[in-house]
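Asks: Sequence:
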Amino acid sequence: ITALNLPMPAETRDAIYVAVSTDTGSFQYPSTTAATYEMAADLTRRGLDVGTINSNIYDNYPYRRVELMRALLNTLEISADGLVANWELRDQTRIDLALLPEDSEGLIDIIRAIRGVQLAVFFEELVDGKIRVSMRSKDRRLDVCQIALEFGGGGHALAAGIRMAGPLENAKPLVLDAIRRRILAIGLLIFNPIDFYL
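In the numbering used here, the protein residues as written are 1 to 198.
These are calculated hints, taken from the structure and not from any lab test. Computed from a prediction, not measured in an experiment: that's the story for all the values here. Be aware that one or more of the hints could be misleading.
Claimed, not checked - Calculated cross-link-like contacts (lysine to aspartate or glutamate; reagent style EDC-like; alpha-carbon spacing at most 16 Å):
| hint | residue 1 | residue 2 |
| --- | --- | --- |
| 1 | 172 | 77 |
| 2 | 130 | 91 |
| 3 | 172 | 109 |
| 4 | 172 | 150 |
| 5 | 172 | 124 |
| 6 | 130 | 169 |
| 7 | 130 | 77 |
| 8 | 138 | 109 |
| 9 | 172 | 125 |
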């Protein structure tokens with residue numbers, strides 16, 4: 001649109017910004033470049049209301065999402081070395097809280113942000129009995145795509161996913177073991193768990 005100097009409808013402009021903002025973790029991920037900011041600047045010059053859109057994306061959650069966070073925190077596990085954090089969403093919780101698919105969007109970033117954690121994992125029971133596994137890494141050496149490929153999943157170095165057979169009690173240890181093997185293979189420095197509490 002820009003290269004052809006075509007007019008950009010407001011809906012298109014806003015949709016592009018939402019896609020860029022969410023895909024870059026609100027302009028926080030390492031993949032964010034000068035070109036990303038230039039695109040956002042161009043959209044702003046075209047009349048984008050950044051404040052309103054950001055408020056609608058990031059500051060406008062239904063209460064059931066807060067209840068979901070409470071339920072997830074009750075399942076939070078952190079490895080003994082502090083490198084891996086995971087939590088799980090059971091199908092019964094989804095039913096009890098009347099959750100919508102978008103309610104869990106981005107919640108993995110909460111545990112990814114824990115000091116010392118290098119890899120976050122979100123396990124979700126699906127209605128068909130399968131398990132959805134989302135993984136986010138802070139370290140490109142800890143390539144979650146390589147882990148996902150072991151189970152038929154995919155993605156890229158810092159974000160990957162798997163859909164695998166359940167039940168969760170079987171799937172979870174398999175994934176966590178693959179993560180542990182990857183950590184050992186790359187010789188990731190062991191974090192001091194004491195730092196986790198500081």
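Asks: Determine for every hint whether it applies to the structure shown.
Replies: Here is what the structure says about each hint:
The suggested pairing of residue 172 with residue 77 holds, with an alpha-carbon distance near 12 Å, which does not exceed 16 Å. A hinted pair counts as satisfied when its Cα atoms are at most 16 Å apart, and residue 130 with residue 91 qualifies at roughly 10 Å. Distance restraint check for residue 172 and residue 109: the Cα-Cα separation of roughly 19 Å exceeds the 16 Å cut-off, and the hinted pair is therefore not satisfied. For the hint pairing residue 172 with residue 150, the CA-to-CA distance comes to about 14 Å; that is within 16 Å, so the pair holds.
For the proposed pair residue 172 and residue 124, the alpha carbon gap of about 10 Å is at most 16 Å, so the pair holds. Distance hint between residue 130 and residue 169 is fulfilled; the C-alpha atoms sit about 12 Å from each other, no more than 16 Å. Between residue 130 and residue 77 the CA atoms are separated by roughly 21 Å; this puts the pair beyond 16 Å, and the hint is violated. For the given pair, residue 138 sits about 11 Å from residue 109 by alpha-carbon distance, which is consistent with the 16 Å threshold.
Taking the CA atoms of residue 172 and residue 125, the gap is near 11 Å; set against the 16 Å cutoff, the hint holds.
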